[in-house]
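2 protein chains.
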Amino acid sequence: MKLNVLFSPGNTDELYFTGKTTVVIDVLRASTTIVEALKNGAKDVVPVATVEFAVKISGGMFCGQTLLGGERNTKKIEGFALGNSPLEYKSEIVNGKSIVFYSTNGTKAIVKAKFSEHLFISALTNMNAVAKHLLELGSDCVILCAGNNNLFSLEDSVCAGALIEEIINLEKTVLLSDSAKAALGLNKSFGKNKFNTLTESEHGKILIKNGFNKDLEFCSKENNANVVPVYSNSVIKTLG
Amino acid sequence: MKLNVLFSPGNTDELYFTGKTTVVIDVLRASTTIVEALKNGAKDVVPVATVEFAVKISGGMFCGQTLLGGERNTKKIEGFALGNSPLEYKSEIVNGKSIVFYSTNGTKAIVKAKFSEHLFISALTNMNAVAKHLLELGSDCVILCAGNNNLFSLEDSVCAGALIEEIINLEKTVLLSDSAKAALGLNKSFGKNKFNTLTESEHGKILIKNGFNKDLEFCSKENNANVVPVYSNSVIKTLG
Numbered sequence: 076m077k078l079n080v081l082f083s084p085g086n087t088d089e090l091y092f093t094g095k096t097t098v099v100i101d102v103l104r105a106s107t108t109i110v111e112a113l114k115n116g117a118k119d120v121v122p123v124a125t126v127e128f129a130v131k132i133s134g135g136m137f138c139g140q141t142l143l144g145g146e147r148n149t150k151k152i153e154g155f156a157l158g159n160s161p162l163e164y165k166s167e168i169v170n171g172k173s174i175v176f177y178s179t180n181g182t183k184a185i186v187k188a189k190f191s192e193h194l195f196i197s198a199l200t201n202m203n204a205v206a207k208h209l210l211e212l213g214s215d216c217v218i219l220c221a222g223n224n225n226l227f228s229l230e231d232s233v234c235a236g237a238l239i240e241e242i243i244n245l246e247k248t249v250l251l252s253d254s255a256k257a258a259l260g261l262n263k264s265f266g267k268n269k270f271n272t273l274t275e276s277e278h279g280k281i282l283i284k285n286g287f288n289k290d291l292e293f294c295s296k297e298n299n300a301n302v303v304p305v306y307s308n309s310v311i312k313t314l315g
Numbered sequence: 076m077k078l079n080v081l082f083s084p085g086n087t088d089e090l091y092f093t094g095k096t097t098v099v100i101d102v103l104r105a106s107t108t109i110v111e112a113l114k115n116g117a118k119d120v121v122p123v124a125t126v127e128f129a130v131k132i133s134g135g136m137f138c139g140q141t142l143l144g145g146e147r148n149t150k151k152i153e154g155f156a157l158g159n160s161p162l163e164y165k166s167e168i169v170n171g172k173s174i175v176f177y178s179t180n181g182t183k184a185i186v187k188a189k190f191s192e193h194l195f196i197s198a199l200t201n202m203n204a205v206a207k208h209l210l211e212l213g214s215d216c217v218i219l220c221a222g223n224n225n226l227f228s229l230e231d232s233v234c235a236g237a238l239i240e241e242i243i244n245l246e247k248t249v250l251l252s253d254s255a256k257a258a259l260g261l262n263k264s265f266g267k268n269k270f271n272t273l274t275e276s277e278h279g280k281i282l283i284k285n286g287f288n289k290d291l292e293f294c295s296k297e298n299n300a301n302v303v304p305v306y307s308n309s310v311i312k313t314l315g
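In the order they appear, the protein sequences are chains U and V.
Under my numbering, the residues of the first sequence are numbered 76 to 315, in order.
Under my numbering, the residues of the second sequence are numbered 76 to 315, in order.
Excised from the complex, chain U in its bound form:
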C-alpha cells in the first residue's frame, strides 16, 4: 500500500484522480463540518464548487428537505441557512436533511477529485475511522489537502501526517512518497498539540480574528467521530 500527499489541489487536474483512492482534508473547516453533519444524522451533503450552483440545485430537485450551507472567505453566504462552523450542524437542525454545501477550499477540492474510484473525507475528528477503512480497502491512496486558495496550509498538512500515522500504527508496511514522508514529519514537528497547530496556522489566525475561536477548539479534537464520509454520485454519505 502506497501513500502519497498533495499539499494543495492546484498541482493537479481532475483527470489525475481517475481510478484513484483519494482522501480530501480541509480541517478548517469544511471536512470537520461534513463529518459533524453526517454524525448528527444529515441524510447527505452535496458539495458544490460554486455558490451559484449551490443556489441553483437547492431551489430545484432538493426543495423542502434541503439546507444551504457554507462560507466564502470564512463568512456565511447571504441567503444560506448555515455557515461553515461545525457547531451549527446540530442534530435538531440537520437530521434527515440534504445539505448543499460550498466552501472556499474544501468543496472545490472534493469536486476536483470527483473522478476518484473511492473518495473519502477526513478531518482530525474521524482520522482513525478513515484509516481503518483505507486498510480494509488496501489500495494505494492519495491524500489531498484542500489548502488555502490553492496554496499550502499547515493544518491540512499536519492532519495528512496524523492520518498517515494512524495508518502506520495499524499496518507497518506502507510505502511513503516524498510528500507523505514530509507530512509525517510535519505532524511530528507541529502536531503534538493540535489546538496550537490550528491557532498558529495562517487560516486559524483569520478565523480567530473573525470570532471563531470555538471552532478551532472543536476542529482540533482527534478521533471523536466514528464516521467515514464517502463521495459517490455527486453526494457525500456515511459509509455502510
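Since the hints were derived computationally from the structure, they do not count as laboratory data.
Only a predicted model underlies this, so the values are computations on that prediction, with no experimental measurement involved.
Every clue listed holds true.
It does not matter which identical chain is meant; a pair holds if it fits inside one copy or across any two.
Calculated pairs, DSS-like style, for lysine-lysine (alpha carbon to alpha carbon, straight line, at most 25 Å): (1) LYS247 <-> LYS263; (2) LYS284 <-> LYS77; (3) LYS280 <-> LYS247; (4) LYS189 <-> LYS114; (5) LYS280 <-> LYS77; (6) LYS267 <-> LYS284; (7) LYS151 <-> LYS312.
Start from chain U and add chain V according to the hints.
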C-alpha cells in the same frame, strides 16, 4: 521581512511573481549545476523552458561561444554538449562560455518566475551567499521549489528550510508563512545529513538508478560556493 515557500511551481501562474523577490531551488540538479557553472567562470546561463527553444537560440545569436546543456528525465539530450551533472561543468569547459540550459523542472521554474523584480538561484552549495544577499536587499521573499513534475520534492523543500535557517541565523526577526514554517520543520526532521536526504528522496533514487551517485554527493555539500546567481534580461549571471 516575510518569507514564503511554494513547494512546487504548479500552484501559481507567471503573474504571481510580478514585482516579487524570488529564489528558485532545484537541488537535483539544475540549481546546483547553474551555481557550479558560474563558479567555474561561465559567462552566463540562459535558462529555457523547452528543448526546441534551446536548440533554436543556441544555433543563432550565441553561435560559437555557446554550449547546450541540460537533461530530460535525468538523461542528456541528443546533440547537447553537456548533461545536467554539475561535475561536467568544469572550468576548462565552461569558462567564458554562455550555456543555453534546459532541465525537466529547474529551468521551467526559473522561466515561470521571470517577472520577479529580483530572481536568484539557490542550491545547498550556495545557501549562505544567497541568505546574506537577501538580508542586504531586505525585501519579502518567495522561495520557489522546482519540485518534481509540478509536485512536491523532499530535497528542494529541505533546502528551502535550510536556506530559511541560514537567514534566521543572520537575522532573528523574519516572519514565516505556514509553508515557510513547514520547510524549516522539514529541514529539522530530514536535513541533518543532506547526503542521506538526497539518497532517500524519490528523485535521488532515480538518479542513483541511472548511475549518478557522485552527483548526489556533490549536490549535498553545503556552502562551498560563494556565488549568487541572478536572473535578469533572460540570462543568469553571478551577482556583482
